[in-house]
Amino acid sequence: MSAILEAVLKSSRLVVFVGEGGVGKTSTAAASALAAATGGRCVAALTIDPAPRLGDALGLDSLDGTAGRVHDTELDAGGGELWALKLDTQGTFDAAVESLAPSPEAARIVLGSPIYRAVSGSLGGSDSYMALQRIHELTDADLYDLIVVDTPPALHADELLSAPLRLDALMETRATSVLADPAVAVARAGSALARTTAGVLVGILQRIAGKGMRVELARFITSFEEVIDGLRKRARTVDTLLRQRDCAFVQVVRPTATSVSGALELRDSLSARGIETAAIVVNRMTPAPGADRAVSRSERLQGAPGGVEDAVESIEQDLDALRSSERAAVALLRQAIGDDIAILEIESLEHDVAGVDDLSVIARKLME
Amino acid sequence: MIYLTGKGGAGKSMLATLLAQRCAEQGVRTALIETGSPGGPRRDSAEKAYSLFRLDERTALGQMVTRLLRVRFLAARLMDSRTFSAVAAAAPGVRELVYLSYIFDVARGHLAPAGNRRATPPDIVFVDGFATGHSVELLSSPYTSAELIPIGPAARIARDIGRAARDADGFRVVSVTLPEELAATETAELQGALNEIGVRIAATVVNRVYPDRFDRCEDGREAALEWLHARHAAGEPGSSDARLYERRRVRQREIVEGLRTLATGSEFLEVAHQFDGNGSQTPRETIDALLKGCLDGITNTENAE
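Residue numbers (our numbering), protein chains in the order written: chain S, 1 to 368; chain G, 369 to 673.
Calculated directly from the structure, the hints in this document are not laboratory data. Owing to the predicted nature of the structure, the values given are computational and were not obtained by experimental measurement. Cβ coordinates follow ideal geometry from the N, Cα and C atoms, glycine included. Worth double-checking, as some hints may not be accurate.
Partial selection, computed: residues in chain S whose CB lies under 8 Å from chain G [stated by the list, open to error]:
hint, residue
1, Ala3
2, Gly22
3, Leu143
4, Met285
5, Gly290
6, Arg300
7, Ala304
8, Gly307
9, Val308
10, Glu347
11, Ala354
12, Gly355
13, Asp357
14, Asp358
Distance windows between CB atoms, simulated [said to hold, decoys possible]:
hint, chain 1, residue 1, chain 2, residue 2, range
15, G, Arg486, S, Arg293, 43 to 51 Å
16, G, Thr632, S, Gly91, 29 to 37 Å
17, S, Asp268, G, Thr488, 54 to 62 Å
18, G, Ala640, S, Glu6, 34 to 42 Å
19, S, Arg327, G, Ala487, 41 to 49 Å
20, S, Glu6, G, Lys660, 47 to 55 Å
21, S, Arg273, G, Asp664, 46 to 54 Å
22, S, Gly40, G, Thr632, 34 to 42 Å
23, S, Asp229, G, Thr632, 32 to 40 Å
24, G, Asp664, S, Gly355, 22 to 30 Å
Listed below are several chain S residues computed to face chain G (Cβ distance under 8 Å; list not exhaustive) [said to hold, decoys possible]:
hint, residue
25, Gly21
26, Thr258
27, Asp268
28, Ala272
29, Glu276
30, Pro305
31, Ser314
32, Glu316
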């Protein structure tokens, strides 16, 4: 079954891992990148916000957006390469402004504006624009056979995919030009009635927001409009890449009812955008009960201190309840998905990923 | 007002519903505002002891514009303009400010709940808030917009809301988190970001904590675990599940204690994991303790200082 994931990692140029935060998306993506590199490919793993130990494992602690090469005996023997990169939203945004602004002066105005600071920080889905930017840079540089992308924890994959559309909408409404120069916008409106309406609206907007905001916005928008247009064009290019045959989406879920229903919604919305999920990884499955469970509890625990048997009984009941709720969640997923998409169940590692060795363990589980 | 925030999937919607339900049962006029955070359970619209509000952008924006212009007709015209929606959507902090203003309008009894004509001011409002990152944007929106819109009626509203959000007795942020590394990191970041704007976390709730099962053993938990380890080392069948459970529990304790240190000076609560995956079965005593924690949090903080 996981032959599918193996094939995906062998033949794709871009593999995107999507899913809610805390499902082990980052380590699954990193392990997959390692597997592909061990197989002889030159791979870039773009991680967003790795847990500290995983970051260390990938040599990311000292990195600020530049690629660092990961070494491992098995990996190096295969002739492949693994490069790890971290998405630095602010750095990527600043660099994009500098390269897309019409002039250094315009770039300076944008970078110094309080509006830019607010926009580029966290508002308005800047994470998704920047993830697309970085993918664009990486594919454009053409240095790697495969790019593995781990999406931001808080980001809904939908947001990533709708980013180009939202930028389009912003450009098309001419909202920016109305604010930049209301007089021109009003004059451009077709009929006399439309002109009056537009005039009233601009007046109201000014009344609500005050003149200060309009002046600040106008200065900012004049310089920022070309940047937005540039971002939009790049986002469009990546959007096309994401829909090509050599790009695959892998969903990562947890074995809980909430996580599974979220994953099904995501599968549908990806599908509605013309993207079919290649595989679903169900992470963090509680390991199956050990062989000791074949022996009766009283026999196993004979001679144990008082109270141990009761404690063990409640623990075994708890974990069995957990296993059966996990199985129910996976069954729900399988029933809804049918045979169309490969579903991989991965047992939890039971400790944090601490090095490349741990990633190899996960990689083997993924390829089993 | 109790504003619950936390990582997606940490169980905030479930806890918000249980808290509102319990509060209403005690005869307190209770309102619950859903923010429609993705992944939350869809609640039926059956009779509730509390009044339910659903925060959606259009309603909230309409409410704010009407209040600003005081003329319903003009507000409706403005709302129909594509330009206005685009500006509202694109201008930083505006959407968040509109949401926040809606939440405070509910608290002040300016709005009637769905399916009801009369608006009565509730005694307590629970907000099933946005996930961590978006909540920071929401709560800092009065500052973001104050920087952009220094004067005018919108600026007055922003200042007004900003003041209300920092009033620790009227507005309490409850952070719902999990005993997991990623969730703990996010909680620390949330606290840092809120500190910057002068909003304090009144209570931290760690959901899905593995309870200690060896606490009632005769010779103490150490002796019990030692016995099990010796059994395992000798290759005799003991309990592999107990070892698995303890490994997970020990890791959780590290994270929970880290969170407790972080929450020094405010209320700190642990909620036991419901292993069958059904959080709505959370025991009543736990909910009562939570409710008390949410409501007493501030008083305790003052005592601690």
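Going down the list of hints, with the structure as the test:
Hint status for Ala3/S: violated, given a least beta-carbon distance of 30 Å to chain G, over 8 Å. Evaluation of the Gly22/S hint against chain G yields a held restraint, the C-beta minimum of about 5 Å falling below 8 Å. This hint is violated: Leu143/S has a C-beta 30 Å from the nearest C-beta of chain G, more than the 8 Å allowed. Look at Met285/S: its Cβ only gets to about 12 Å from chain G, farther than 8 Å, so that hint breaks.
A least Cβ separation of about 3 Å between Gly290/S and chain G falls short of the 8 Å threshold, and the interface hint therefore holds. Satisfaction of the interface hint for Arg300/S is found here, the shortest Cβ-Cβ separation to chain G being roughly 5 Å, below the 8 Å cut-off. Given the 8 Å rule on beta carbons, the hint for Ala304/S holds: about 5 Å separates it from the nearest Cβ of chain G. A distance limit of 8 Å between C-beta atoms decides the matter here; for Gly307/S the minimum to chain G is near 4 Å, and the interface restraint holds.
Residue-level restraint check for Val308/S holds (minimum Cβ-Cβ distance to chain G is 5 Å; threshold 8 Å). For Glu347/S, the interface hint is violated, since its Cβ never comes within 8 Å of a Cβ in chain G; the closest pair sits about 11 Å apart. With its C-beta approaching chain G no nearer than about 12 Å, Ala354/S sits outside the 8 Å limit, and its interface hint is violated. Given hint, Gly355/S at the interface with chain G, is violated; its Cβ is 16 Å from that chain's nearest Cβ, farther than 8 Å.
Below 8 Å, beta-carbon pairs count as interface contacts, and Asp357/S has none with chain G, the closest being about 18 Å; its hint is therefore violated. This hint is violated: Asp358/S has a C-beta 14 Å from the nearest C-beta of chain G, more than the 8 Å allowed. The hinted window of 43 to 51 Å between Arg486/G and Arg293/S is violated, with their beta carbons roughly 60 Å apart. In this structure, Thr632/G and Gly91/S meet the distance hint of 29 to 37 Å, their C-beta atoms being roughly 34 Å apart.
Range check, Asp268/S to Thr488/G: about 40 Å between beta-carbon atoms, so the 54 to 62 Å window is missed. Roughly 41 Å separates the CB atoms of Ala640/G and Glu6/S, a value that falls within the hinted 34 to 42 Å. Checked against the hint of 41 to 49 Å, the C-beta distance between Arg327/S and Ala487/G comes to roughly 47 Å, which is consistent with it. Here the CB-CB span from Glu6/S to Lys660/G is close to 54 Å, well matched to the stated 47 to 55 Å.
For the hinted restraint 46 to 54 Å between Arg273/S and Asp664/G, the CB-CB distance of approximately 48 Å keeps it satisfied. The supplied range of 34 to 42 Å is broken by Gly40/S and Thr632/G, whose beta-carbon atoms lie about 52 Å from each other. About 49 Å separates the C-beta atoms of Asp229/S and Thr632/G, a value inconsistent with the hinted range of 32 to 40 Å. Our hint of 22 to 30 Å for Asp664/G and Gly355/S is violated, since their Cβ atoms are close to 45 Å apart.
For Gly21/S, the suggested interface contact is upheld, since its CB lies about 6 Å from the closest CB of chain G, less than 8 Å. Because the closest C-beta pair between Thr258/S and chain G is about 6 Å apart, less than 8 Å, the hint holds. The beta carbon of Asp268/S comes no nearer than 13 Å to any beta carbon in chain G, farther than 8 Å, and the hint placing it at the interface is violated. Interface restraint check: Ala272/S against chain G, minimum CB-CB distance 16 Å, threshold 8 Å, status violated.
Taking 8 Å as the C-beta cut-off, the interface hint given for Glu276/S is violated, the closest approach to chain G being about 22 Å. Taking 8 Å as the C-beta cut-off, the interface hint given for Pro305/S holds, the closest approach to chain G being about 4 Å. Interface hint status for Ser314/S: upheld, as the beta-carbon distance to the closest one in chain G is roughly 5 Å, under 8 Å. Evaluation of the Glu316/S hint against chain G yields a held restraint, the C-beta minimum of about 5 Å falling below 8 Å.
Checked against the numbered hints given earlier, this structure breaks hints 1, 3, 4, 10, 11, 12, 13, 14, 15, 17, 22, 23, 24, 27, 28 and 29; the rest are met.
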